[in-house]
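Peer 1: Residues per chain are reported as follows:
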Amino acid sequence: MIWHIIKKQGLLFWRNKQQLILLIALPIILIAILGAALGSGFDNESSPIKMKVAFIEQVEEQDQIEQFLTDLQEQVPSGVVDEIKSNIDMMAPITNIKAVLESEEVKEFLEITYMDPSEKSVIVDDESYTAIVEVPEGFSYDVLESMVFNNVISPTLLITYNEEQQVGTSIVSSFFTQFQEQLTLGTFLGEKGIDLSAIDYQEVNGEVISINEQKPVSASAYYTIGMTVMNVLFLAGAVGYYAYYEKEINVFNRIIMANISRWVYFSGVLASGTIFAFIQSLIIFGFSWLVYGIRFPDILDFLVVTVAYSFAIGGLAVLLSALNYRLNSETITNFFMNIIATLLAVLGGSFYPIGDFSSLFQTLGNMTPNGAGLTAYLTLLRGEGIAGISDNLMYLVIFALMTVVVAALCFPKRGVSA
Amino acid sequence: MIELVDLTKKFKQMYAVKNLNMFIERGEIVGLLGPNGAGKSTAISMLSSLVEPTSGDVRFENNSILKKPAPFRKVVGMVPQNIALYTDLTAEENLLFFGRIYRLHGKELERKVDEVLEQIGLTDRRKDVVKKFSGGMQRRLNIGVAMLHDPEVLIMDEPTVGIDPQSRNYILETVKRLNEDRNMTVLYTSHYMEEVEFLCDRIYIMDKGNLIASGTKDEIKQILSSEKTISITMERLNDEFVEVLKQNPQVNRVTTGEKEVTILVPRDANVFSEIIRLAESTGIELNSVDNKTPTLEDVFLHLTGRALRD
Ligand SMILES: Nc1ncnc2c1ncn2[C@@H]1O[C@H](COP(=O)(O)OP(=O)(O)O)[C@@H](O)[C@H]1O
Ligand SMILES: [Mg+2]
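If you're matching them up, the sequences are chains A and B in order. Take 0 as the starting number for the first sequence in numbering that gives the first Met the number 0 and just add one per residue. Take 0 as the starting number for the second sequence in numbering that gives the first Met the number 0 and just add one per residue.
Keep in mind that a hint or two might mislead.
[Unchecked claim] Between beta-carbon pairs, the in silico distance windows are: (1) A:Leu400 to B:Asp200: 53 to 61 Å; (2) A:Leu400 to B:Asn61: 41 to 49 Å; (3) B:His104 to A:Trp262: 16 to 24 Å; (4) B:Lys67 to A:Leu25: 43 to 51 Å; (5) B:Glu117 to A:Tyr244: 35 to 43 Å; (6) B:Lys66 to A:Arg381: 53 to 61 Å; (7) A:Lys16 to B:Lys67: 43 to 51 Å; (8) A:Phe334 to B:Asn182: 49 to 57 Å.
Since the hints were derived computationally from the structure, they do not count as laboratory data. The C-beta atom is built at its ideal place from N, Cα and C for all residues, glycine as well.
One chain only, chain B, in its complex shape (with noise of 0.2 Å):
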């Protein structure tokens, strides 16, 4: 349905996005993963024609976007990552705007607002102004917005930063449900990688403008076959643990947390006793030593060396 082929976009000398390639089926949820600064929003304005590329294309049903915008723009709901909302107007003003700006108007205006207000949850707060309303309020209106026009495919640019779990979970369940109920095809952005696990059919993973992983969530797991993860926790962390850890010729990468220490190690490793055997020597009191299923933030680590959240 959608294809983007070696798009590129540079600012300056600086590339954003680098000889990106995606595609996104009908029907199908797919997430871009990547930390802040990757290039996915970018790589979304490019897509859905608000920024043009430095070079590549992007298509739609096989017809260059770039050139002819229209019938793409007509099928695409796009939720911007900042809230692009009037804060001064009521959410129902709000929605009748936007809905008017989409050729929507009288009854069918009113309805369509209506269902909006419904599947965002918030008929009651309809007459409130935006700007009285929580973070997770202003979220899900944002989207609303790009809904009024029942489009085909939505675009969502990390649309639960900053906001509460209840919000994000709704937000969540909404995006699922419109999927299964509608067919409704969903790009979905974020740098939380439960999200992306919790929603997406397939994924791609971006850093500092090059994709550097993509498949089904099985596939980019497979990716860490050949290493496993381990965490052990502890009641207080010191130094000298972490330096032992890293000059162990079997760890292969150390990440810390405040009590928690994650390492990669060769899958048929057996490191258990010599963790202990480390921690007694440094004089660290372990909590658990836990083998974990590896989690995209794990790929990420993996293939970049670093945290997918500072």
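The following block holds chain A by itself, in its conformation from the complex (with noise of 0.2 Å):
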């Protein structure tokens, strides 16, 4: 019965040609115009969001290797100092550093100028920089120091932000936030596979991302990402309207003169919500795959994230129509489609990625449907796995699962609160 209720729900939206445009076409038109506003075009080889950085060596490194390595022979066997001569080249922070904003993956995103630090006030005034990196006198040589023996001195990068460039300014901020914690912390090292016995590594306190691992989210994957959440919710609301539709003109009724219980009729509306939500992001999701090259790494976890954000669409419709019912108006869906989902969209980071602006901001999100789906597809967009995603595909659950529960509290008796 409730397999019969789905197949009508979908013939109703394949002759409701205008809703299908709305639901199909709106998304993939947005997915082209916001990429276009934002990137170079959707060559997706090439970051469309691409930052310029300037940067500002005050003193060889060289040099400064050189002179610690003379010191160093004053204080430690001289079998240990070759060994760190030999190894020197890898322990080189920022030999380490260039090589890594040089990889491939970096240049997509970052563009690096190499300074005199005379030029410094020229950049400084040049608006087209997202930020200017210094490396301050002895940084190099107190970063070797705080390897090998451990100091708690913490040498530190000067970064000067554009704020005028707040997406990128929050962009690069994060980049070099991560490489220096992993460089004070020493993963540094471990990961170059150095290890020296006279390195003492500290304690390595919460997850530290690698920066070769995480690959940058091209202009048009995000917003592929960010409009198909945000018009996944208003198939939440024509669900409704439907579901309303079907108790104005008495087609409900018919179904419960036919001995139907309304809990079939409520689990028909929360299927089809589901499966359409479901049905909805894979065209949307396959339309740029096959035109703009946008694909998950494993095909897997994305289909077991859509299937969890399909799930909290279908408590949503579900939840809609129920509040319909119950007030006897569609209200609650206008409210809702006019208001709510654009609020649930800004929030959740559709349009923009507000969560880089504050964490205040990305918790607010996660806690949206649609921002927990978002932060869950850019993850395993980044290459991250199902683990990296369990705190959203928890929260899409448990939301479904509300949504459902607060849903049959407010489905009336008999269909009919008069």
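Two chains, two separate frames, one set of hints: put the complex together.
Peer 2: Listed below in structure tokens is the structure:
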């Protein structure tokens, strides 16, 4: 019976071309527009979000390394010095930072210009730069010393951000923050496979994401996800409208008169919302895969997120339907479609990665179903597995269950509340 | 077969239906007549277990349907007042969906859909979407959907509102045929007295939530036994004529049309010469003065002082 209700809903969507356009064509158009507005096209080899960063070194690293090795000979046995010497290339922090900055993945979104300290004042006035990275005097020396002697001093890179470029700033900032964390925690060395008995690693607290693993996400990919999770919200509203329409024109009464339990109908709405949200997502993602080449590293993980998100949408659809029935009007669905959905979309980061501004926004965003979906998809796209998004998945499932429970409590007896 | 006992529905302070008592026997066509807002739909909704009564009971084969509606729902076909169809789907798709809702499937479902399409005369339009149908065709399909599961009782809520006379006759004939050929029990609701008069064996008349008359057609018309109806037509009506008619002690009620006045007078009164005199004195050019056989409309007028339709 539930199957017939789903099939009928599918037929109604199919016959209602205008709705179909709103639910499927519109997000695809929005992806194109937003992607084009921010990126330099949809060539997914190069990231459309590109930030210019100036890099200023006060003193040549090589000088500092020599100074360090000279000083070292007075403090440790010559065997150890020799070993450090043979590995010094891998330990030199600036050389390594540069290697990372020059790597293909990073070059996709960071454009590095090396500058002389004397040029700094010119760069500061240049609006096109997102950030200026300054390596202070003695930085490499200090880093090496803290590595070998496990000192508590933490050498710091000076980074000046251009406040005008908020998104870029947050990206560059998190990039260097992670880099620096790894550097001071010694994991950088670990990554490079160096094992020196004299070096005592500090305990690594928390998760340190390796820079090379974290692929940047292109604007077209970001907006594919953003627009999909947003437009799937509208599907919940559409299903809510249909359900209310069925009550309005007495089709619901016909179903009740056929001795079909209202809970069967209720489940039919839930299942319709879930299944059609799933299909809608697949179509939009499928399109952006074919046209923009946006594809998820692991299809199974992708499907898990899509199912969880679709379930949350099904819950939302049945909640809206139940409220329509209870209040005997479609005002709630109107309100959801015109105001709440847009609010959720903004908060969830569909238009703009607002979570990058502050952790409060990030937390709030992840507490919207679409925001949780977006974060989950983005994380997958960056190459992480299911483990990295268990919180988001959990949230989506809990959200779905809660909406279903609330909807069941609201759903009026006999479907009439008069 | 079906019995309504002191059925009452109150919306806030207003009684939509008040102490309604009715019965329907197997094989009857029973009419429920009343103007808009009389409470017909509310009564029907309670009767078909879709709306809970404020008080009173509905009994089917001596069992209350309020507690156990399932056996009753199984044998009832409900034709709601509005078009309860998916207008984006075709006639056939609608019938298939509602048939499946009634747990029909496979060959049986196909056979039933074909049969119903034949009955409602839409076989050649089965593949067309309902929103392209005329009002009359939509009404017919609205009835067809209620007949898919071979109901013993058909409850029809104003099934002919707003359609062309041809479709209307088709529907009335179909109902009559179903009753004669299959002994289907019908409760027919309408505010058109001609329909009820044509179809029904017994009639209930409601107004403002109250039952104001009930019985067979003849019994109800007996209510008018002490009065007769006279219809006067003329070239052009004027207010003065209406006024003098109203003031005449023999005339009980006056209703006016465009070129027509209907009056109720005592059965034994001879008023023809009086009418002609009054017409002359007020400058009215008479076309005819007729003694009419009373209609249900007249009964309603007699009981309420208002016309059935506005
Ligand atoms: N759900 C409702 N809430 C409040 N009043 C209602 C409701 N349904 C019907 N009514 C009122 O009850 C009265 C009877 O309505 P209804 O049964 O539809 O009359 P009918 O079918 O004879 O035209 C009307 O005055 C109508 O406004
Ligand atoms: Mg009505």
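Peer 1: Checking against the hints above, which ones are violated?
Peer 2: 5
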